[in-house]
Amino acid sequence: MGVADKPAVKQVVAGVIARDGKVLICQRSKDGPMPLKWEFPGGKIEPQEDAIAALERELDEELGISATIGKRVAHIRHRYRKGHEVELQFYRVLGYEGEMQNRIFEQLRWVERHEIAGFDFLDADHDLVRQIASGEIQL
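Taking the numbering used here, the leading residue of the sequence shown gets 43, the next gets one more, and so forth.
These aren't lab readings, by the way, just hints derived from the structure by calculation. Relax, there's no trap hidden among the hints.
Pairwise CB distance ranges, derived in the manner of DEER restraints:
hint	residue 1	residue 2	range
1	E103	G137	15 to 25 Å
2	H156	E88	33 to 43 Å
3	P89	S176	27 to 37 Å
4	H126	D162	17 to 27 Å
5	K72	D102	17 to 27 Å
6	S176	R119	19 to 29 Å
7	Q180	L150	19 to 29 Å
8	G125	K64	28 to 38 Å
9	R61	H126	28 to 38 Å
10	L150	Y122	17 to 27 Å
11	H117	E88	13 to 23 Å
12	H156	G125	30 to 40 Å
13	D62	K124	36 to 46 Å
Mimicking SDA-like on lysine to any residue, the simulated pairs with C-alpha atoms at most 25 Å apart in a straight line are:
hint	residue 1	residue 2
14	K86	R123
15	K79	E148
16	K79	A116
17	K52	I118
18	K124	Q69
19	K113	H156
20	K72	V128
21	K124	V51
22	K86	A50
23	K113	L136
24	K64	M142
25	K79	Q180
26	K113	R61
27	K113	F163
28	K64	Q131
29	K86	D162
30	K72	V153
31	K64	G112
32	K124	P77
Virtual Cβ for every residue (Gly too), placed ideally from N, Cα, C.
I would like the entire structure built from these sequences, with the hints used as guidance.
Structure, rendered in structure tokens:
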């Protein structure tokens, strides 16, 4: 496979939403890819869309909220065993308007920082989960 045949790196953005010292985590649907794994809400950045706009759109689509996005807290590139690669940008969500709704996930949970490492997260999220659990990234 030549360089031209190499699959594009998937650009993904996700939000770290905290409230009362707890962080929101979301469990993927049992019917989708990587079923029942935990992740942070967000999704693919569309062509000609910047990361902030993509995250605002995704949080509206997945949770029904209008979010205020803060600074980027992590930037991770991960290659899965099957060869596809993702580049993830995680942003702190400073606040949101609207009543949060679970529109696509198996379940949503608000968890304490020290509890987060006990959940079965997507491989690409492990570094961020470790940083949140250790307090390296403040909630």
